[in-house]
Amino acid sequence: MNGATTSWSVLGVVVQVMLVIAGAPVLVALMRQVRARLEGRVGAGLGQPWRDLRKQLRKESIAPDGSTMVFAAAPAVALSSMVLIVCAAPFITTTSPLDGVADLFAVVSLLLVASIALALAGLDTGSAFGGMGSSRTVTVAALAEPTLLVAGFALSVQVGSSNLASLVEHGQRVPGTILSPASLLAAVALWIVVVAEAGRLPVDNPSTHLELTMIHEATILEYAGPDLAMVELGSAMRLAVLLGLWGNLFLPWGVATTAGPGTLALGAIVFVVKVAALGAVLAASEVFMAKWRLFRVPELLAGSFLFSVLAVSSSFFLS
Amino acid sequence: MSLIASGLLLVAGATALACAGAALASRISHRWRPLLSGALTCLVGLGGVLAGMGALSGASWSVTMPRLLPLSQAVLVVDPLAGLFMTLVGVVAIAAGIYSVGYPHPHGDEHKAAEGVGSRTVQAALPVFVAAMVAVPAAGNVTTFLVMWEVMALASLVLVLAEHRARPEVGQAGVWYAGMTHAGLVAILLGLVVFANAAGTESFAGMRAASSGLSSSTRSLVFLLVFVGFGSKAGLVPLHVWLPRAHPEAPSYVSALMSAAMVNLGLYGVLRVGFDLLGGGQRWWWILVLAVGALSALYGVLQAGAATDLKRLLAYSTTENMGLIFIGVGAAGMFAAADNATLASLLMIAALLHTVNHAGFKTLLFLGAGAVLRSTGLRDLDKMGGLAHRMPATALLFGLGALGASGLPPGNGFVSEWLLLQGLIHSLSPSGSPDVATAIAMPLAVGAVALTAGLGVAMFVKAFGVGFLARPRSAEAAAATEVPRTMRAGMVLAAVFCAILALAPLALVRSLQRALRALPSIRQERPVHGALELQLSGIRGSMSPVLIALALTGGALLIAFLVRRTSGQQRRTALVWGCGGTRLSPRMQYTATAYAEPLTRVFDDVLGPEQDIDVTHHAESSYLVQSIHYRQRVADRIENRLYPPLFAAALWWATVARRLQNGSVHRYLAYGLVGLLVVLIVVGVSW
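Top to bottom, those sequences are chains A and B. Under the working numbering, think of the first position of the first sequence as 1, with each following residue one higher. Under the working numbering, think of the first position of the second sequence as 320, with each following residue one higher.
Treat the hints with caution; some may be incorrect.
[What the hints assert, rightly or not] Distance ranges between label pairs, derived from CB positions:
hint, chain 1, residue 1, chain 2, residue 2, range
1, A, 290, B, 971, 57 to 63 Å
2, A, 306, B, 965, 48 to 54 Å
3, A, 69, B, 498, 41 to 47 Å
Because the hints were derived from the structure by calculation, they are not lab data. Glycine residues also receive a C-beta, built at the ideal position from the N, C-alpha and C atoms.
Same shape as in the complex, but just chain B:
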C-alpha cells in the first residue's frame, strides 16, 4: 500500500473513531475526553502528513468510490500540489491537537473544565474539521470537493461557537462566519457548476482537458466567481470581515487551525482552479489578484497595527499575510501569462514558501495567545505586561513566532519576503523594456510589500513588547501562571517547524518545486537553488539565511562575552528612574493603544479612529477636574461602509418576502398554480 493510501486510511480511520467517540461521549468522563479528541486530531494530522509527504515525493494516487455520494461518485486524486496543502494542514493539526489536550483544563484542574470548550460536540468536531481540511485538496471532482468544503465549514462553525454560552459575542461571530462562509460557498458552487456544465463533466481531469475549448467569457466568469468564494475563505479584503470576529472568539487552537490551515485552502482553490483547471488564463485576472492582494496586505497590517485585542491583531495579520501571498500569486500569474516561466516560478515559490511560513508562525502565535488567554483570561494587550517573568516558556515561544511573523532575520518570514521582493524587482529587467502594466504594477507591489513589512514589524514589537515585557498592568496579568505541559509541547512543535523553515528553507523548496509541476503555465525546474546561500536561476541575487542567523547570534554572544570580560562586573538591578520622584507605577507604562498612537495618527485617514473624551468636574467647582476618561476605538471602516447597505437590502427583501407568506392557503395554492404555469411556458418556449 502506498504512503498516500495509508495516510488517507489513517485519516478515515481516525475520523470514524472521532464520530464513534462522539456517539460514545456520554460514556467517557470529561477528564479523558480532551485527551481522546487531541489524540485523534493528531492521528488525522499524521495521516495528512503521511499522505501529503507521499504525494510530494512524487507518487500520485487516486481512488473512485462510485456509490458513496448520491447522483455522483466520490473521487480522490492526490497530486503534489494537493500533497503540499495536506502536509501543511497535517503539521498544524498535530501541533494544535497536542495543545488542545491541556486547553480545557488550564490549571491542571479537571473539575473546572471550561464551559463549552470541553463539551462533547466540540471535542468530536475537532478531528472531523481536520479530516475535512485534509480531504479538500484530495478531492478529484466537483461534488467531492464541495461536500468536503461544506463539512469543513460546518465543523469549523461548531468549533467557533464552542463558548457561545459563556459570551454573547461568540454568537454574533458565529452568525458572521456562517454568513460569509456560505456566501463564499454559493460563489464557488456557481463557478464550478458553470465550469462543469460547460465542460460536460464534473471530474477535475475532464474539466482540465476541456477548459481550453471554453469561451474566454465563460472562463473569466468562472474565475471571478471562484476567486470571490476562495478569496472570502482566504480572508482577502473586502471579504475578510469574518476573520477578526471568528478568530478571537473561537478556542485558540481552533483559531490556529482556521488561521494557519483553513485560510490556505482558499489559496489552494485559486491555484487549483485558476492555474491547473483553467490553465493560467488571462493576464487581467492576475492583475486583479495582485491588486486585491496588495489592498489586503496594507489594510490588514494597518488594522492589526491599531488593534489591542491580541487575537484580533493576529486575525488581521492573517489578512495581511494572505495579501502578501496573493501579491506573489498574482505576479506569478502575470508572468505566466507573458510566458516568463523563470519569474513566474520564482514568485510562485515565494508565495508558497510564505504560505508554509505563515502556517508555522501563525500556529505558534495563536497557540501562544491562547496560553495567555487560558492563564489570565486576557485578550486585551492594554491589560497585559510582565508575562515574561510568569510564563517564561510561553513568552519565549511567542517571541520566536513574532520574530518569524515580523519578517526580520533570522526569522522564517524573512526568507519568503526576501524571495518575493527578488521576484518583483527583477520583473523590470535592465535590458528589455517591460510593458506598461508590469511597469506600473510592480513598483506599486514592491511599495505595498515594503510598507507592509515595515508596519508589520511595528505591530509585532507592540504585541510582544507590550504583552510580555515590562511590568503587569492588571491583577490578572500579575497572577499569571505557566500553562500545562501539553500546551507547551504543542507550541514547541510549531516553534521547531518555524526554526527549520528559517534555517533550511532550501530543504522545503525542492518539495515546493514538485508542487509547481501541477501548474502547467508556471512549471519550471529549480528557480531557487544553492547550498548555504539561496541562489536564484537566471537572476543575480543571493542571500544566506543560515549564515545570517549564525553570525547574528554568534556575534551577539561573542560581544557580550568580551564586554563582560573587559568590564568584569555583574549587572546590578535597580529601580527605574522616576524623574527624581517616587517609584513609577505600572500604570505609567506605555499601553498598546499608546504605542500604536503615532502610527494610528499618521494613517488617520485610512483608519478613522473614533475618540471619546469625558471630563468629569468636581461638584464644588467646574475648574477642578475629577477624572478624565479617554476611549479610542478603531472600527473596521471597510466593514462599516460596505456591509450595512447589503444588510439593508437583505432586510428589505425579507420584509417583501413576508408579504408573500400571509398564512392563506388559497393564496399558496394560487402560487403553486402560477408556478406550474410559468414552468410549463418556459419549457414550452425553450423546447
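Bound-form chain A, shown alone:
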C-alpha cells in the first residue's frame, strides 16, 4: 500500500466515524418520522434528537446517592466501544487499516461490552427499576450472543475468514454466496438479533416509559444531562452499527474496496441510503406490531438461534 492509498484509507475511517456519529441520531429521527406518518401524526422532524442532545449537554449530570464509579463511567465506556466498532468495521470502505484489530467475533463482544456497562450502571443505582432493566438487558444479550456467533460462523465458513472486510469483499466478488441458503438463513437469524440488540419492537419498545415493559429505558432511568446525552448517542449509534453491519454483510454492494476519493464518496452515499432504507423498513414494520411479553422473547431468540444453526448446517450440506 503506497502513501496516497494509506492516507485515503485513513480518511475513509475518519469519514466513517464522523458519518455514523452525526447520522445515528438522524436515523433515530427518521424511524420516528416514518412511524409518525404511518400512524397519522406529523412527527417532530429529522433534527429533534440532535436538539435533545444539545439540550441535555447543557444540563447537570445527576448520580443517585450511593452509586459508584461504575455509574459515572458506564456511558463513556458504552460510547467508546461503539466508536471502536465504527473504526474497525467496513461501513463505507473495506480498506481500513484497523480491519485486523477486530473481526466479527470481536465486534460482537464489543457490542456486548456496551450493553454490560449500562447493565452494571442500572444495578448500581440501587433502584428496583435499574435492577429490573439490567436483569432483562442481560437476559436478552445472553440469549442473542449465541445467535450472533453461530450466524457469524455460518458466514465465515463460506469465506474462510471472520474478518469483516473479507466477508464484505467476498460478498461483492461472488454474489452467489449471498443467495445461498446459508446466507439467507443467517440473514433471517441476524435480523431478529438486530431487532433484539437494538431494543426495537417486539422485544423492547424504545418509546415507552411504562414500568412493566421497558428494558433499555429502565436501565438508564437515573441518568440525566450530559450522561444521558452520551447514553442516547450511544444507543443511536448502536442501532446504526447493527443496521450497517447487517446491510453490508447481506447487501455488500457499493462498499469501497479501493481507497480513493470517488469510491469513498460513493461508499458513503450508498451506506447512508442502505441504513436509511433498512431503518425505514424496520420502523414501518413496527407500526404493525405490539411488544411481546418478556417471556416470549426467549422463544423468538431461540427461533433465531435455530435459524443460525440451520445456516451452518446448510453451508456444509448444501455446498
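Chain B: place on chain A using the hints.
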C-alpha cells in the same frame, strides 16, 4: 545446577521445612504461624515457577532415586508440558501464599484467629499440598505419579476440612470430596496399571515407546479409565459434584488453589496419557472428550447462573471453564487424528491459553470472594451489596477478575475464547468438504461455546453487580471493612498476572508452543504469531487485544473529558427516584435470585428450580395476608438423578457385607479355608 534442579530443590527444601514446621508447631505462637506457612507456600510456589520456567525455556531434566519408594523407584522427569503446569501451580501458589498470611486474622486481631484455618495441621498441610501439585507433573513413572497424586488429594482433603468444627456442612463436603477423589484415583490407578502391565514397564518413557504395540481395545480401555479419573479431578459433568461442595466450604485461598491449580492437573493427566503416552489415539476418544466438555460448559454455566452462593457460583464456573478447555482439547484431538496439525495445534494452544487464563482469573475471584467472606461472613449474594464503598480495593480487583472471566474485551478470557472460536470455525473449510462427524460436531461445539459465553457474561454481571454495587442489603454488608494488606497483595499479584495475559498473550504463546512439542500428534511450530495483532498460521483471522484495550479505555477517557469540557458542570448526587414516594429502601433492590430469575425461567427444564410459597393470614380474617415467604432452591439435578442409585447400591452392598461378618470365629476360619482353596484352584487351573 540447572534452573529446574534448583527449583525442585527449593520445593523439596520448603516442603521439608513445612513438615519440620508442623512438628515444631507447638513452639510457634499462632500469631506467627500463618506467616511461616504463607512464606513456605510462596517458596514452594517460587520453586515451581523456577523449575517450570526452566523447562519451558527448553531445558529438560530428570533424576532417578532408586530407593525412595518401596518396590519401585522415584523418577522425576521435567519436560516443557510438565513445566507449563508447574509454572501455573507455582504462580497460583505464590498469590495464595501471600494472601493466606492475613486470612486467619481478618481484622488484624491476632487474638481472634479463626477457628480451624489457623490450626497447626492446616498450616502445615498448605505447603505440602502445593509441593505435591508441583511434583505431580514432574513424575516420570506410574508409582511416583500415583504417590504424588495421593499426597495432593490427602493434603487438599485436610485443607477442605479446616473449618469442620465451626460448620457441620464442611464435614459433608469433605466426605463427598474424599469419595470422589478416591473413586477417581481408583480409575486412574486401574488405567495406568493396565497400561503398565501391557507395556511391561512402569516408566513413562517405556510406556510411551511400547504404546504403539498395544491392541486398540487395551488402549481405549486405558484411555476411558484415565479420562474418568482425571475428568473427576477436572470437575467435568457428571463427576463435578464435589466442586460445588468442597470449594465453598474450604478456606478461600484453598478454594483458589484447588480451583485454579488442582483441577488443571486433571487436564494435565488427560494430555499426558492421551496425547503423549498413548500417542493421540482414536478419533472417537476425542469426540467423547468434546461432548463431555460441551456438556460441562453448558451445565456449569447454567448452574452458576442460578447460584446465589458466591463461592458455589465460582465453583460451577470452574466446571464451565474446564468444559470450554476440554472442548478445545477434544477438537484438537479430532484434528490430530485426522492429521490436520494446523488446526490441532491452534485448538490446543487455545485450550492451554484458556487454562492459564482461567487459573489467573479464578485465583483472583476466589481470593476476592474470600476477602468478602472474611470481612462480612457472607457468601450469599442476596445479602451483599454496596461493598464497593467499604472495600474499594477488593471490589476493583474482583471486578477485574469478573471481566476476565466473562470473556469480554479487554479481559484475558476474551483472547482464549476468541482463539477457540477461530479454531472451531475454520474446521469447516470453504473448499474441501469435511467429514460428517466434523460437520456435525463443530457447529454444535460453536453453539455450546457461544451459549456458554453469553450466559457466563450474565453470571458475572450478577456476581459483581449484585455483590459489590448499589446499597447494602444486610447489616453485615453495611459493616464491611477492607481486608489486611497481605490479602490485598495476593489479589494484586493475581490481577497483574491477568493483566499481562490480557494485553500480551503472545508473550505466553511462545512458551505454550514449546509445551506442544511434548505432544507428538499435535506438534506444529507457530500456529499463532504476530506482534500487535494476533495472526493465525494458515488461517485468515486476526485480532489485537492490546489495541482494543487501549482504544476502549483511551476512547472512554477522551469522551468523558470532552463531555465534561463542553457541559462544564459537576455531577450532583441526589436521591434515587422513588416513583414520587418516599426514599427507596435497600430491600427494594434486585437480589441475585431476582436478577437470575428470567434466565432460570428460560432454562426451567434443565435447572428445575424448586419453589415454595408460604402465605400466612391474619388470625381475624383469612382475606388479610400477614406475610408471604418465597423460597427458591436450584438443586443440582444431575447429582440428584445420578448419585442416589449409586448410594443405594453402596448401602445394599454394605448390608450384605455385614451378614458375612457376624463375629463367629468358626465362620471366619471357614472363610480362610474357602479362600485358600479358591486361590489354589485358580492357580492350579491357570498354570
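Here is what the structure says about each hint:
| no. | hint | verdict |
| --- | --- | --- |
| 1 | A/290 to B/971: 57 to 63 Å | holds, 59 Å |
| 2 | A/306 to B/965: 48 to 54 Å | violated, 36 Å |
| 3 | A/69 to B/498: 41 to 47 Å | holds, 46 Å |
Of the numbered hints given earlier, the model fails hint 2 alone.
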